[in-house]
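Colleague: Protein chains in written order, with the working numbering: chain A, 1 to 317; chain B, 1001 to 1299; chain C, 2001 to 2565.
Don't read these hints as lab results, they were simulated from the structure. Some hints could be false.
[What the hints assert, rightly or not] Heads up, simulated DSS-like pairs for lysine-lysine below, C-alpha to C-alpha not over 25 Å straight-line:
id : chain 1 : residue 1 : chain 2 : residue 2
1  : C       : Lys2108   : B       : Lys1068
2  : C       : Lys2420   : A       : Lys160
3  : C       : Lys2180   : A       : Lys168
4  : C       : Lys2063   : B       : Lys1068
5  : C       : Lys2301   : A       : Lys160
6  : C       : Lys2180   : C       : Lys2108
7  : B       : Lys1032   : A       : Lys123
8  : A       : Lys3      : B       : Lys1126
9  : A       : Lys64     : A       : Lys31
10 : C       : Lys2301   : A       : Lys168
11 : B       : Lys1126   : A       : Lys7
12 : C       : Lys2204   : C       : Lys2248
13 : A       : Lys74     : A       : Lys64
14 : C       : Lys2170   : C       : Lys2420
15 : A       : Lys168    : C       : Lys2063
Computed from a prediction, not measured in an experiment: that's the story for all the values here.
Below are the chains, spelled out letter by letter.
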Amino acid sequence: MNKFIIKRILICIPMMLVVIAIILVLVSFSKVDPGKMKLGTDATPEKVYEYNEAHGFYDPLPVKFVKFVGNIFKGDFGISYYYDRPVWNDIMQRWPHSLRVTFLGLIIAMTIGIPLGVLAAVKQYSLIDRIATTLSMFLSAIPVFAMSVILMYIFSYRLKLVPASGIKNGWKSWVLPCATLGIFYSARFLRFTRSTMLETIRQDYVQTARAKGSSETVVIWKHAFRNALLPLITVTGTTLGTLIGGVVVIETVFVIPGLGTLVVEALSRNDIPLVLAAITILAFTFLMIMLVVDIMYAVVDPRIRAKYRSTNRKKRK
Amino acid sequence: MTKSTTSKTVPGKRKKQSGPLQEVWKRLKKNKLALVCMAIIAILLLIVIFADVIVPYENAITQVVALKMAPPSAEHIFGGDGLGRDLFARVIHGSRVSLFLGFGATTITTIIATLLGSVVAYVGGKADAIVMRILDIIISIPTILLALAIAAGFGIGIPQVLISVSLAQVASFTRVVRAAVLNIVDLEYIEASRAIGLSDFSIVMQHIIPNVIGIILVQFTMQVAENVLMCATLSFLGLGARIPTPEWGKIMAEGLPFLRYSVHIVIFPIIFITTTALSINLLGDALRDAFDPRLKGRA
Amino acid sequence: MKKKRVSTILITALLLLTTLTGCASGVTKNDPTNASASASTSTSASTAETSNPTVQPPTQKMKTELNIRTTFDIATIDPHWTIFYTDFYITNQVWEGLVRFAAGDVTKFEGVLAESWEINDEFTEFTFHLRQGVTFSDGTPFVAEDVVFSLERMAVSSGMGNKVRGVIEKCEVLDPTTVKVTTTSCTPQFLGLMASHRGMIVSKEVCGRMPDPMAAIALADRQYMIGTGAYMIDTITPGEGASLVSNKNHYWGEPYFERLNFLLVADDSTAVSAFLNGELDQVQINTRMDKELIEADSNFKTNEIRMSGIHTIAINNSVEPFVDNLALRQAIAYGTNEEVYGEMAFDGIAVTDKKAIISVFDEGEEAYSEDYETYEYNVEKAKAKLAEAGYAPGELTLTMSTSTNMVGTAAATVFQQQMKDIGINVEVLPLQPGAFQQLQMSGEFQIAYILFCSIPYDAPGFHGTFFQPSGIAFFLQFDNPEFQALIAATSTAKTLEERIALYKEAHTLISPLAYYIPMARAVTVMAISGEIRGDSFEPAVLTAKYRDWYMSDYEGFYDPYPGLD
Chain A
1 MNKFIIKRIL ICIPMMLVVI AIILVLVSFS KVDPGKMKLG TDATPEKVYE YNEAHGFYDP
61 LPVKFVKFVG NIFKGDFGIS YYYDRPVWND IMQRWPHSLR VTFLGLIIAM TIGIPLGVLA
121 AVKQYSLIDR IATTLSMFLS AIPVFAMSVI LMYIFSYRLK LVPASGIKNG WKSWVLPCAT
181 LGIFYSARFL RFTRSTMLET IRQDYVQTAR AKGSSETVVI WKHAFRNALL PLITVTGTTL
241 GTLIGGVVVI ETVFVIPGLG TLVVEALSRN DIPLVLAAIT ILAFTFLMIM LVVDIMYAVV
301 DPRIRAKYRS TNRKKRK
Chain B
1001 MTKSTTSKTV PGKRKKQSGP LQEVWKRLKK NKLALVCMAI IAILLLIVIF ADVIVPYENA
1061 ITQVVALKMA PPSAEHIFGG DGLGRDLFAR VIHGSRVSLF LGFGATTITT IIATLLGSVV
1121 AYVGGKADAI VMRILDIIIS IPTILLALAI AAGFGIGIPQ VLISVSLAQV ASFTRVVRAA
1181 VLNIVDLEYI EASRAIGLSD FSIVMQHIIP NVIGIILVQF TMQVAENVLM CATLSFLGLG
1241 ARIPTPEWGK IMAEGLPFLR YSVHIVIFPI IFITTTALSI NLLGDALRDA FDPRLKGRA
Chain C
2001 MKKKRVSTIL ITALLLLTTL TGCASGVTKN DPTNASASAS TSTSASTAET SNPTVQPPTQ
2061 KMKTELNIRT TFDIATIDPH WTIFYTDFYI TNQVWEGLVR FAAGDVTKFE GVLAESWEIN
2121 DEFTEFTFHL RQGVTFSDGT PFVAEDVVFS LERMAVSSGM GNKVRGVIEK CEVLDPTTVK
2181 VTTTSCTPQF LGLMASHRGM IVSKEVCGRM PDPMAAIALA DRQYMIGTGA YMIDTITPGE
2241 GASLVSNKNH YWGEPYFERL NFLLVADDST AVSAFLNGEL DQVQINTRMD KELIEADSNF
2301 KTNEIRMSGI HTIAINNSVE PFVDNLALRQ AIAYGTNEEV YGEMAFDGIA VTDKKAIISV
2361 FDEGEEAYSE DYETYEYNVE KAKAKLAEAG YAPGELTLTM STSTNMVGTA AATVFQQQMK
2421 DIGINVEVLP LQPGAFQQLQ MSGEFQIAYI LFCSIPYDAP GFHGTFFQPS GIAFFLQFDN
2481 PEFQALIAAT STAKTLEERI ALYKEAHTLI SPLAYYIPMA RAVTVMAISG EIRGDSFEPA
2541 VLTAKYRDWY MSDYEGFYDP YPGLD
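Isolated chain A, as found in the complex (with noise of 0.2 Å):
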């Protein structure tokens, strides 16, 4: 088991190597010259040279990218080319913002989406039950964007309750954006709930259970719903995966600084440190969920932990 944890954590670091290489080799085709946007006017030719050469932009990729690799091991993430000043500042004051935004609304989109899933399958065809899945069919064609401008129009512009956009009035300017983030994402887990406890409910360990008298509840949540945990691991795992894509337009249309449009502008200005880091650090986010994804979907599974007491696996998606 713990070796299958272990070789897991072992294949992020060469794919993350790939991945950082990609970005690198795609940015390259890049025009803009960063000596030219930091000093603007000032740009002279031999000016901008010297502050390019300064700052390894004129490095190959092979050695661009060995520095870089290189110096994440020693904790140095680059200095930015248009801030002049170490990467890890700037990315260090928007990641909280895209955290918060992402997190919050996990939170919201599980608390709405679980609970009223397992409702729908419990009732299933009732009127809850086609209002629910009724919705969340409705939900899953509006694209985030659409939803996040209607809110917007909604509750900003017409009835005034909260503010429209950035961040500056305190806890009220994080209520759209994780509202939106919080329903989106909740007609996701509404029907997956709703699924795969429809599936586990007609499984005979839960006739079992109500054969030998168990309380309708007691076997809604106790058998039910836990078995149905393990695909919601997964779906929590990949929503998760999709918000951190998903943050640049969230944050573009609500103006909120965070990762995502941090990296918007970095790659507009073709500042490749800062870009490498970003991604970086999003792309790393991302393997970790799915790491902790795949241990807890070990976990939590017997029939996979069985299967790694014997010698080869062979798993099958």
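Start from chain A and add chains B and C according to the hints.
Modeller: Same frame as chain A, but now just chains B and C:
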């Protein structure tokens, strides 16, 4: 109540294609909802094809001062956008780009994934493991960031969006195909075909692929809806279609600065996007149910 | 079962649609009842005022902090090295120059650190009599040597803003209260240079403590950011803004506002929301609807500032197909409809009167003229010129570079449409602001939408920068030796009249050549809180001296600094 039989239970019978597919079609027709969705999708496709007939493209790009931010009226049923262009014309012509992006990216993904997934599942072994690893790496870069990185390097344009989106989806699609193929590869009649001396290539093309068509079709449909939404999102962020070409996500981005004053610019694209995605999703669900009625009742 | 499902979905869909479309109605207007109430009190107050012109300042201040929006992050807080507007806003409060522009008039000057001055007839010798008893905010006395040092420092600072390099021959201290500056040639605009952002005076003593007195002050080194101005730097937070507190030692007395907060809000919509909420006191308005909304609300007021700036279609005259192709340029000129630009691209916030937009400079500025030859909007002529240039309709495709913000894309889209009408295809290339700025500097474009401005006001500097065939920022890249000669002659002209004549001749020369095509004159609209008084924006430098501002709910005038003249 499964009337049809899948190749699983009756091995050795070749040329199963016509049977199951016709069964599927019959089942699909019985589903009223599916028919409504198909009708809606058909209407959308008609709009895409006959956009020029419905309203000239000129209206979508000609700026009229009087039309600037105009609310819906009898003459201009969707009103005017921020630059005085007829919003109805823009939304209608925008459907071309939006649907082209969505369908196009999915088609690319399907082709790659089908070939890759079948071959890899069939061949198995080391190649299988390596390819799967590579695909895992690609998914660890979020789609939007991948699209942004490609745009940074190669500029803004429709091909760039197509490539980013199709690449990002290849991994999951390939997995699905691979799983489906794995189910079939072990079958006896494949062994039999090999024994007769059919080349691997023929086996893949003639036996494996036709039998997984059902799964591919369902996955394709689900993927199209997702891709239409993703491409709309990327257009919203500024990638994809160039000025002045309309696209649903782009129209919404153009309307966002004026949101304080009026909502009509963003409402109409949203209606279209939602209807499209919803119909395709529902159709995909119905298709899946039609292919395997045992799965009915699941979300 | 199926039927119910379908109907449920349809009903829910209908409900959602109705709620959404129900919200889709017109413009939100502020509640008018509030407005009329405060209006009536102010009118009654003002009738009381006119009978009693000077009133004592109210004992209790309405507000002690002013919140000002900025659009860019802080780059450099050093008066001799700043380039960006955000930084100018701040340095303009902390440091002062020898003179400043009289409110709204760039040909008249008021003394600040200089009480009076004499200029010789050839505009080569400027003698300033300095104000006595002035100290820098840390107590260091202001002495004549500071002026000499500052001029030296100005001269070595680099960048587009450096207009004094090569201009000053020598600067000498005649006595502790007098400084004489000798320029290398006739420099009628010298006072203007001293009044602009870069002309600020720093302390020789304070800068002497820096490792390199001539280098730019780093953002972290607040101990060197010492000026004679009414405000001092309190905090600088990269990514968020800066906060300034009033200088208690200021010779004019303590300013009304005790604290100035410069807040970075990149997004226009967010800024307007914050302004309407009262969280910001000053915001630049870019859309007509915002302007109408704010003007309709008597809690706010707007300042419209005509800028020495023109929204331009800048042509790169050194690349194909524009090299030696006058007919093509004329085609574009004839095909340009300024009114549409004004309405569509700049949302009515621009001046499109043809006479007003030919010259980059505005009325009153030395290179201004209404008489340059213009190209009227005439599609037929445009098409004819296109044919003359050798292109069939639809044959030519040009690429216009622009920035991704709303104004930039709107301008480019209008351009594309207008060119289509005359038979030229245009590809629009939107670039992020950083990349776009770089593009302008490097000149690697075919056509671009550029806002030409002469801020701070400086005709020679402007020409020297933008109208050269090469250099740091050579947008138009045209090579016209006659023009260069005329411009060069302006720096040796003996009198102002001579210079004005030279500029006129130079621009009369190139106007018909359509090296650049004006879209509209730029106008900046600043919205500020309604109770602010004494507000003015110096058009030439486009900032304000917040020391002059105060707040009052009386419409009438009162002098916040009764002791001063």
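Colleague: Take the C-alpha atoms of B/Lys1032 and A/Lys123, compute the straight-line distance between them, and say whether it is at most 25 Å.
Modeller: Holds, at roughly 24 Å.
Colleague: A/Lys168 and C/Lys2063: Cα distance at most 25 Å?
Modeller: 20 Å, holds
Colleague: Under the criterion that the straight-line Cα-Cα distance not exceed 25 Å, is the pair C/Lys2301, A/Lys168 satisfied?
Modeller: 24 Å, holds
Colleague: Take a quick look at whether C/Lys2170 and C/Lys2420 sit within 25 Å of each other, Cα to Cα.
Modeller: Violated, at roughly 56 Å.
Colleague: Are the Cα atoms of C/Lys2420 and A/Lys160 separated by 25 Å or less?
Modeller: 43 Å, violated
Colleague: For the pair supplied as a hint, C/Lys2063 and B/Lys1068, is the alpha-carbon distance within the 25 Å limit?
Modeller: The hint is violated at about 40 Å.
Colleague: Are C/Lys2204 and C/Lys2248 close enough, with their CA atoms no more than 25 Å apart?
Modeller: 21 Å, holds
Colleague: For C/Lys2180 and C/Lys2108, compute the direct alpha-carbon distance and say whether it is at most 25 Å.
Modeller: Answer holds: C/Lys2180 to C/Lys2108 is near 20 Å, not above 25 Å.
Colleague: Are the Cα atoms of C/Lys2180 and A/Lys168 separated by 25 Å or less?
Modeller: 50 Å, violated
Colleague: Please verify whether C/Lys2108 and B/Lys1068 have alpha carbons no more than 25 Å apart.
Modeller: Violated. C/Lys2108 to B/Lys1068 sits at ~42 Å, over the 25 Å cutoff.
Colleague: Is A/Lys74 close enough to A/Lys64, meaning Cα to Cα at most 25 Å?
Modeller: This hinted pair holds, its Cα atoms lying about 15 Å apart.
Colleague: Given the hinted pair C/Lys2301 and A/Lys160, is their alpha-carbon gap at most 25 Å?
Modeller: Answer holds: C/Lys2301 to A/Lys160 is near 22 Å, not above 25 Å.
Hint check: violations occur at hints 1, 2, 3, 4 and 14; the rest are consistent with the structure.
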